[in-house]
Structures are given as structure tokens and as C-alpha cells.
Amino acid sequence: MNTSATSAARFVLPLGAFMLLLVVLIAGLYHAPQKGIIVSPLLGKPAPQFSLPGLLDESAPLQAQTLRGHWSVVNVWGTWCAECRAEHETLLMIKQQGRVPIFGIDWKDDDDKARAWLSELGNPYERIGADREGRVAIDWGVYGAPETFLVNPSGTVVYKHVGAMTAEVWQQEFLSRLL
Amino acid sequence: MLVELGHYALILALLLAAAQAFFGLVGPALGRERWLAAVPSAATGQFVFLALAAGTLIHAFVENDFSVRYVAENSNSALPLFYRVTALWGAHEGSLLLWALVLGGWTVAVVARLRFLPPMFGARVLGVLGVVSFGFLLFTLCTSDPFVRLIPAVPDGNDLNPVLQDFALSIHPPILYTGYVGFAVSFAFACAAMIEGRRDQLWARWMRPWTVIAWAFLGWGIALGSWWAYYELGWGGFWFWDPVENASFMPWLVGTALIHSIAVTDKRGLFKSWTLLLAVAAFSLSLLGTFLVRSGVLVSVHSFAADPRRGIFILGFLIVMIGGALALYAWRAPRMVSAAGFELISRESFLLFNNLLLVIAAAVVFGGTMAPLIADTLHLGTLSVGPPYFNPSFLTPIVPLLALLPLGIHARWRRGGLSDARGRLLVSFGVSAALALALVFGVYMHPIPLTPIGAVLGVWIILSSLLDPLDRLRRRLSVPPAILGMTVAHIGLGLFVLGITFVESNTLERDIALKPGGAAELGDYRFRFDGVDNIEGPNYEGLRGTITVTRHGEPVTVLHPEKRRFWVQGSVQTTAAIADGLHRDLLASLGDDVGAGAFSLRFQYRPLIRFVWLGALVMAIGGVIVVWGRRLRGAGWASAAERAPASGAAAPAPGAPGGAA
Numbered sequence: 001m002n003t004s005a006t007s008a009a010r011f012v013l014p015l016g017a018f019m020l021l022l023v024v025l026i027a028g029l030y031h032a033p034q035k036g037i038i039v040s041p042l043l044g045k046p047a048p049q050f051s052l053p054g055l056l057d058e059s060a061p062l063q064a065q066t067l068r069g070h071w072s073v074v075n076v077w078g079t080w081c082a083e084c085r086a087e088h089e090t091l092l093m094i095k096q097q098g099r100v101p102i103f104g105i106d107w108k109d110d111d112d113k114a115r116a117w118l119s120e121l122g123n124p125y126e127r128i129g130a131d132r133e134g135r136v137a138i139d140w141g142v143y144g145a146p147e148t149f150l151v152n153p154s155g156t157v158v159y160k161h162v163g164a165m166t167a168e169v170w171q172q173e174f175l176s177r178l179l
Numbered sequence: 001m002l003v004e005l006g007h008y009a010l011i012l013a014l015l016l017a018a019a020q021a022f023f024g025l026v027g028p029a030l031g032r033e034r035w036l037a038a039v040p041s042a043a044t045g046q047f048v049f050l051a052l053a054a055g056t057l058i059h060a061f062v063e064n065d066f067s068v069r070y071v072a073e074n075s076n077s078a079l080p081l082f083y084r085v086t087a088l089w090g091a092h093e094g095s096l097l098l099w100a101l102v103l104g105g106w107t108v109a110v111v112a113r114l115r116f117l118p119p120m121f122g123a124r125v126l127g128v129l130g131v132v133s134f135g136f137l138l139f140t141l142c143t144s145d146p147f148v149r150l151i152p153a154v155p156d157g158n159d160l161n162p163v164l165q166d167f168a169l170s171i172h173p174p175i176l177y178t179g180y181v182g183f184a185v186s187f188a189f190a191c192a193a194m195i196e197g198r199r200d201q202l203w204a205r206w207m208r209p210w211t212v213i214a215w216a217f218l219g220w221g222i223a224l225g226s227w228w229a230y231y232e233l234g235w236g237g238f239w240f241w242d243p244v245e246n247a248s249f250m251p252w253l254v255g256t257a258l259i260h261s262i263a264v265t266d267k268r269g270l271f272k273s274w275t276l277l278l279a280v281a282a283f284s285l286s287l288l289g290t291f292l293v294r295s296g297v298l299v300s301v302h303s304f305a306a307d308p309r310r311g312i313f314i315l316g317f318l319i320v321m322i323g324g325a326l327a328l329y330a331w332r333a334p335r336m337v338s339a340a341g342f343e344l345i346s347r348e349s350f351l352l353f354n355n356l357l358l359v360i361a362a363a364v365v366f367g368g369t370m371a372p373l374i375a376d377t378l379h380l381g382t383l384s385v386g387p388p389y390f391n392p393s394f395l396t397p398i399v400p401l402l403a404l405l406p407l408g409i410h411a412r413w414r415r416g417g418l419s420d421a422r423g424r425l426l427v428s429f430g431v432s433a434a435l436a437l438a439l440v441f442g443v444y445m446h447p448i449p450l451t452p453i454g455a456v457l458g459v460w461i462i463l464s465s466l467l468d469p470l471d472r473l474r475r476r477l478s479v480p481p482a483i484l485g486m487t488v489a490h491i492g493l494g495l496f497v498l499g500i501t502f503v504e505s506n507t508l509e510r511d512i513a514l515k516p517g518g519a520a521e522l523g524d525y526r527f528r529f530d531g532v533d534n535i536e537g538p539n540y541e542g543l544r545g546t547i548t549v550t551r552h553g554e555p556v557t558v559l560h561p562e563k564r565r566f567w568v569q570g571s572v573q574t575t576a577a578i579a580d581g582l583h584r585d586l587l588a589s590l591g592d593d594v595g596a597g598a599f600s601l602r603f604q605y606r607p608l609i610r611f612v613w614l615g616a617l618v619m620a621i622g623g624v625i626v627v628w629g630r631r632l633r634g635a636g637w638a639s640a641a642e643r644a645p646a647s648g649a650a651a652p653a654p655g656a657p658g659g660a661a
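Those protein sequence lines, which keep their order, are chains B and R.
Counted the way the numbering used here counts, the first sequence spans residues 1 to 179.
Counted the way the numbering used here counts, the second sequence spans residues 1 to 661.
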């Protein structure tokens, strides 16, 4: 096989593709820490207006008004999300503490699967809205599940946690803001 | 004290890995033959010290030494002994240690077979393995040291994650890692061949058995993981396209392409650059997988920089290993290729299609796994990727791959045409179609569009794989292990395809709340809920349900799904009850108490699901037969003619390469 310029380039191609991937990885690495603190445009602003049909009880929809008059935790989850399974225990623990009700947004999910998940793992939620198309999640600025918001009694988003909820995060970032 | 000794052993292993890399790579480069002698000793020493390090940590687990942080975090005095040992790889730090230990094991295996390789080449292979090991051990010691003490010690440990307290999942990591890490050997052979710029194709023959064995272990490991997910998670699912699964599946797909392309390189001297690239890619994906998943990068996009030090180290390591190998490829591969032609319809061209389709499939999985990260970096916003993406895009290359397989195994090397096999292929296709359609429309019914396609392909792959061995037996010829292994592996694939096809199209599920005495129907089966009892285990307590299953009034089985609460971590875990059978599984899982004595229950009927794992197991057995068979026939892993001249074996070259290779 001759080693003309074109066939030589063929052998450099994999290296080029790998470099491109590296750029993505490096960008991800240096880009993520800022997001870890979460620059959400929603922070300090009222929670978006929304209304979602109830997952377990059609007569109990999840709406912006549901979050008024008391502190609320809004947790975005889905049965397709592995991390959500990981944080489920923590949510049940939070429910058991009884300090703040958790409202769930079931994101881009199958209703039957979601109900089966809850009956199997237990239900930490006060109320769950089924966001089948993912529209409401966009309004909330969700970009991956799970995400958890803390909303104050006047309906303002106070804090947002990205990724699985842990007892530590709950203690340090949520409970501390409640006081 | 022992733990500190283990720590020192790990540091010594690191130094020996450095010596192994230095003498293995620099020695041949400078032509210092006497340096080469140090390489196998360094490699063996490294393994010994790694084993010591792992041994002291296991000792700490067994003796419940909670002054070691890693033990305190991952074990508990109430944990059964078996799980105290396997808790070694229950979390990040220990997994890295296991990884390094497995790599040490492979390295020692290479040392044991060193006499079949030219000394320079063998030293380079070990040198590359030394670089890999050095990087891993440095990473372990700098960022993920499992030997850190916890002062003051805690009275009792935090317990092993309950999910991991399971037999299949305990043995899953060592097997999976044996596969993952085995590709490091293929990688090292490819790098050594590129460093030497070898124009022959012997390196492919030398690399082949290692690659096939690694591939078999990886397949077995993946199947074990899937089987575990199935019975432990109890959702009835066996594959979730979860990043962790994908991370092991991508190297398997590329490894599958590799064991096919290696055959072409070995036998015909073609596809050399492609084989090299696949060998580099298989290990690169293993590395990417182990690292990214283990550091939590891909599990959630968000935890990428959970520990920035780890992230940066990982990137550095990837740049050195993958970037280095690919640069070597760009530099050396062009001069290693040889010109030889083949016709459009020949074994070579079918294997080329096999490779392209498998690589496309791997790319599809890679794209889906990395998509959230990439989209996020490019500020494209939300992107959730799940089965709706994976299933159709994965099947697009895989269905043609399956359809070409029966043709490919009957195509001849180099020369065109299928003419002499055409009749048998047509007959086998006709028989397969009749059998499969009878199965689809007569037995299982309610097909979805893909059911007949999958069923016909599955049966046809099995029948057409049998044509050649049966023909040989009829003519009273022996079936060489290479052909036997290939046949077995392809039958495994056929079983796997049948399993997937029917479990995906004919599964029945039902969620229902029942009071004791209540019953639900699922197809022919009737599930009667008889109530729950309290149970207590060594480190948990819980509820156990009783469900009696009957079919047409005949008793079939009694199922006992459980719900366990682990004392230490307080976590609840549901354990589904499964009545397994070759032709179907019946599952029951116990949900919440919904009041008034009723419980929410989930019942499932899954036809032929055992074929999925059986198929994967049979595929891996096929790989083992190929390698083992060659050894038993005395061909060794390289026949006498290919042995290094320096080894003194002056056997004359046999007329033809042994076996069907």
C-alpha cells in the first residue's frame, strides 16, 4: 500500500479524534466546579409557574401554588435515572424527619413504571407531578436528574443541588438554610 | 502494623513497575540485552508485592480492624466472613487495588509464556504493561490510598453497601476486571509491535490467545453483572444502558471486532493497521470505562469534578496511555501494512463488515454514554439519553451484523463466491424460518414487528453454524478446536438473540395491591398472595411474602419475595423471588403495606430470559475452547516455527500453519 498524503492522514485520524475527546473531557473538568456551586438563574427568583397532573392521584396536581405558605423541597427524578435510585434512601430519611415536605417532579417517565418504583422502594413524596414531556423541567432549568430545589414559603427558589441527595448535603445545604 | 507493611508493599510494587517499564522499554531501545533479564524479575516481584498488599488489606477486613478507614467504611463485624473478604473491592480504593492485582496476574502469565516470544519483543510487551501498572499504582497511592488509618478507630464499621452483599456481585468485579485488564495485554502486544515496526504478522498470532481469553472473561463478567441486576434489583430488567454497564460493554464490542480482525491478520496478513487500532481502542475503552465510572464521572455528569485531583490525574494518564499509543500508531502503522487483495464476496470482506458494524455499534453506545457530558460542555442544554435512544440505534448496525453472520462463516478466504455453500445456506435458512415462525406465531404469539426477525436470525445463526462441523463429522474428519470454538460461540450468540427477542416481545407484568387470599392472573399463570411473615437475618430484619403460583390449576411453585431493612445503614432492600426455568421465569416482588392488610405486589412472566445469560456464557466458552484446544493439541500459543530463534528451538517450519487458526 502506498503512503501517499491521504493514506498517511488516515493513520493520524484516531489521534485527532482522541484529542477532540480530550478537549471535551478537559472542558468538562474545568467547567464543572463552577457549576458545582450552581449558577442557576432561578436562585433568589420565584419558582416558575407550572401545573402538572398528579402521578398517584389525578385530583392532586402539583402546581406553583402547592409550594406556597411553607418551605418545600422539589426533587426532579425519573425511574430511568440510576442516581435517583441511589438518593432514594436519603429522601425517605428526609421524609421521616418531617421537617419539610418533598414534592416530586417525575421527569420524562412512564407513569406505570414510576408507580411501580414507588410501591417497591417507598414513597418519600408529599405529592408528585408527572412531567411526561419534560416541559416543566425546562422551566425549572433542569439539565439532568436528579436535581433538588429548596423553595421558601413565599415561593422563591433558595437553593439548588445537582446530583444525588446525600445526608451530608441535606444537613449542610438545606437544613442550614431553613433556620 | 500489617497494614503499614501492606502500604510499603504497594510502594515497592510501584517501584518495581517503574523498573519493569524502564528496562523493558529502554533496554531494547538501547540494545542492552543484559537489561532484559531484569524485566521478568521486576514483573514477578511486582506481582508478589501487590499480592502482599492485597493480602494485608484482606487480613484487616477479616480481623475487623476498624482503625483502617477503608475497612471502617466498607465492613462491619456482623458481616459474614465471605463478604468481609469481598468487601476489599466494595469501593473505589480497593477496586483500584484489585485492578492492579489483576494486571499483575496477567503480567506474570505473560512472563510464564515469555519463552515463546523473541526476547526483545517480550521485554517490550512487559515494558508497556509496566507503564500501565505504574500509572495505576501511582494513581492509587496518590489519590485513592486504601491503607489510610482512621485515628481514633471506630468501634464498628459502616457496613458494606447492602447491594454488594450478594454472591454474584461479589465475584463479578474480579471476573470483569480479568476481562477489562486482559485487554492491556493485547494493547501491550500492539504497542510492542508498533515500537518495533514489525512488517510480519506474527505479533497478531502471539496476541490472539490473550485477546480471546480477555474477551471471554469480559463477556462472562458482563453477563454476571446483568444476571445480578436482574435478580437483585428485581425489576425484571437485565440491561439498563446504564453508564456503568456501557463502560464494560464498549470494550466487549470492540474486543469482539478485534478477535475477528486478528484472525484475518494472523491468517492472511491483512487488516494489520485495523487490528492494531482495535487493540489500542479496546484497552482505551477499558481504561476510560474503569476510570470514568469508578471516579463517578459518568454515573452523573455532575460529579465529574467531585475530586478534581482524581480528575486531573485520570486525564493525564489517559493522555499518556491512549495519546501515546495513538501517536505511535500514526507514526508506525503506515509502514506495517502489507498489500494483498481479496474479492468482494470472501471471508475477508465479511469480516470487514463484521468489524465496521461492531465498531459502529460501539460508537453508538459511546455516543449515548458520553452525550450528556458533551452536550453539557458545548452548552447544548439538557440531553437525557436512555433506552429510547439506545435500543433503535444499537439495533441498526446489529441486525445486519446478525444477518451477515451465516453468510460470512461460509464464505471462503480470498476467493469470491458462496456457490458451494449456497444450497446448504438456503436450506438452513428455510428450515430456520419455518422453525422460528412456528415459535413466534404458534407458541408465543402476540409478536411485535422485530419478533419474527430476531427469531429467524437467532435460529439461522445456530443452524448455519452447525453446517460446517456436521459436514466434517459426516466426512469423518476431525473438528479442529478453532472451528469448534467458533461454532460454540456463534451458537451462544444465536441463543442470546433468541432470548432477547422473546423476553422483549412476550414479557407480561402486573402491579396490583392484594390482601392475603387475593390472586392475579398473568397469561396461563395464577399468582395467589398468602400473606407475609417477619424474618430476621444476620444483619437485617424484614418481611417475607408467600405467593403460590398455579397454571391451569396445577401447582407450579411457591415464591417468597423479601423486603429487608439493614440495621447499620438503615437502608431497605427488596429481594424479588424468582422461579427460574429454561423456558420462562416467574417473578414476584413485595412492595409497600398499603393498609388494611393489603400489600402492593408485582408479578412478572419472562419467557426464555435464561437464554440471554446462557448465550453469553456459551459465547465465552467458545473463546476458551479456541485457546485451550490449541494448547491441548500441543500447538502451544505459538507453534514451534514461530518461536523465537533465540529460544533455541530449531524445529523446521511445518508445511502449513497448524489447525484452522
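FYI, nobody ran anything at the bench for these hints, they're computed from the structure.
Among the clues, some could well be false.
[Stated by the list, open to error] Here are the simulated lysine to any residue pairs, SDA-like style, with alpha carbons at most 25 Å apart:
(1) B:Lys113 x R:Glu521
(2) B:Lys113 x R:Ala482
(3) R:Lys267 x R:Ala482
(4) R:Lys267 x R:Arg510
(5) B:Lys113 x B:Arg135
(6) B:Lys113 x R:Trp241
(7) B:Lys95 x B:Asp111
(8) B:Lys95 x R:Arg564
(9) B:Lys113 x R:Lys515
[What the hints assert, rightly or not] Over 10 Å on every C-beta distance to chain B, these chain R residues come out as not near it, computed from the model:
(10) Leu318
(11) Ile374
(12) Ala434
(13) Asn534
(14) Arg544
(15) Arg602
[Said to hold, decoys possible] To list a few chain R residues with every Cβ distance to chain B over 12 Å, as calculated:
(16) Ile58
(17) Cys142
(18) Val244
(19) Leu276
(20) Met370
(21) Pro387
(22) Arg424
(23) Leu470
(24) Ile500
(25) Asp511
(26) Asp530
Owing to the predicted nature of the structure, the values given are computational and were not obtained by experimental measurement.
Where a beta carbon is used, it is the ideal one built from N, C-alpha and C, also for glycine.
We went through each hint and held it up to the structure:
Between Lys113 (chain B) and Glu521 (chain R), the direct Cα distance comes to roughly 19 Å. Compliance with the 25 Å bound is thereby established for this hinted pair. Only pairs whose Cα atoms come within 25 Å are accepted, and Lys113 (chain B) paired with Ala482 (chain R) is rejected, the gap being roughly 46 Å. Straight-line distance between C-alpha atoms of Lys267 (chain R) and Ala482 (chain R) comes to about 12 Å, which keeps the hinted pair within the 25 Å bound. Between Lys267 (chain R) and Arg510 (chain R) the CA atoms are separated by roughly 53 Å; this puts the pair beyond 25 Å, and the hint is violated.
Distance hint between Lys113 (chain B) and Arg135 (chain B) is fulfilled; the C-alpha atoms sit about 20 Å from each other, no more than 25 Å. The suggested pairing of Lys113 (chain B) with Trp241 (chain R) holds, with an alpha-carbon distance near 17 Å, which does not exceed 25 Å. For the proposed pair Lys95 (chain B) and Asp111 (chain B), the alpha carbon gap of about 22 Å is at most 25 Å, so the pair holds. Taking the CA atoms of Lys95 (chain B) and Arg564 (chain R), the gap is near 19 Å; set against the 25 Å cutoff, the hint holds.
The hinted pair formed by Lys113 (chain B) and Lys515 (chain R) meets the criterion: a straight-line CA distance of about 22 Å does not exceed 25 Å. With a cut of 10 Å on Cβ distances, Leu318 (chain R) falls inside the contact zone with chain B, its closest approach being about 7 Å. Residue placement check: Ile374 (chain R) does not keep its beta carbon more than 10 Å from all beta carbons of chain B (closest about 5 Å). No beta-carbon of chain B is positioned within 10 Å of the beta-carbon of Ala434 (chain R); the least distance is around 37 Å.
Separation of Asn534 (chain R) from chain B is adequate, the least Cβ-Cβ distance of about 18 Å exceeding the 10 Å criterion. Every CB of chain B lies more than 10 Å from the CB of Arg544 (chain R), the least distance being 15 Å, so the non-interface label holds. A Cβ of chain B approaches the Cβ of Arg602 (chain R) within 10 Å, the least distance being about 6 Å, so the stated non-interface status is violated. At roughly 27 Å from the closest C-beta of chain B, the C-beta of Ile58 (chain R) stays outside 12 Å, upholding its exclusion from the interface.
With a closest Cβ-Cβ approach of about 17 Å to chain B, Cys142 (chain R) is found to remain outside the 12 Å limit, as its non-interface label requires. With a minimum CB-CB distance of about 8 Å to chain B, Val244 (chain R) fails to clear the 12 Å threshold, and the non-interface call is violated. Taking the minimum C-beta to C-beta distance to chain B, about 10 Å, the non-interface status of Leu276 (chain R) is violated against the 12 Å cut. For Met370 (chain R), the shortest C-beta to C-beta distance to chain B comes to about 8 Å, within the 12 Å cut-off, and the non-interface label is violated.
Listed as a non-interface residue, Pro387 (chain R) fails to keep its Cβ farther than 12 Å from every Cβ of chain B; the least gap is roughly 7 Å. Non-interface call for Arg424 (chain R) relative to chain B: holds, since the shortest CB-CB distance, roughly 36 Å, exceeds 12 Å. With 12 Å as the threshold on Cβ separation, the claim that Leu470 (chain R) sits away from chain B holds: the shortest Cβ distance comes to roughly 40 Å. Against the 12 Å criterion, Ile500 (chain R) stays outside the reach of chain B, whose nearest CB is about 19 Å from its own CB.
Not every C-beta of chain B lies more than 12 Å from that of Asp511 (chain R), the closest at about 5 Å, which undercuts listing it as non-interface. Distance check for Asp530 (chain R) against chain B: the nearest CB is about 19 Å away, which clears 12 Å, and the non-interface claim stands.
Taken one by one, the earlier hints fail for this structure at numbers 2, 4, 10, 11, 15, 18, 19, 20, 21 and 25, listed in ascending order.
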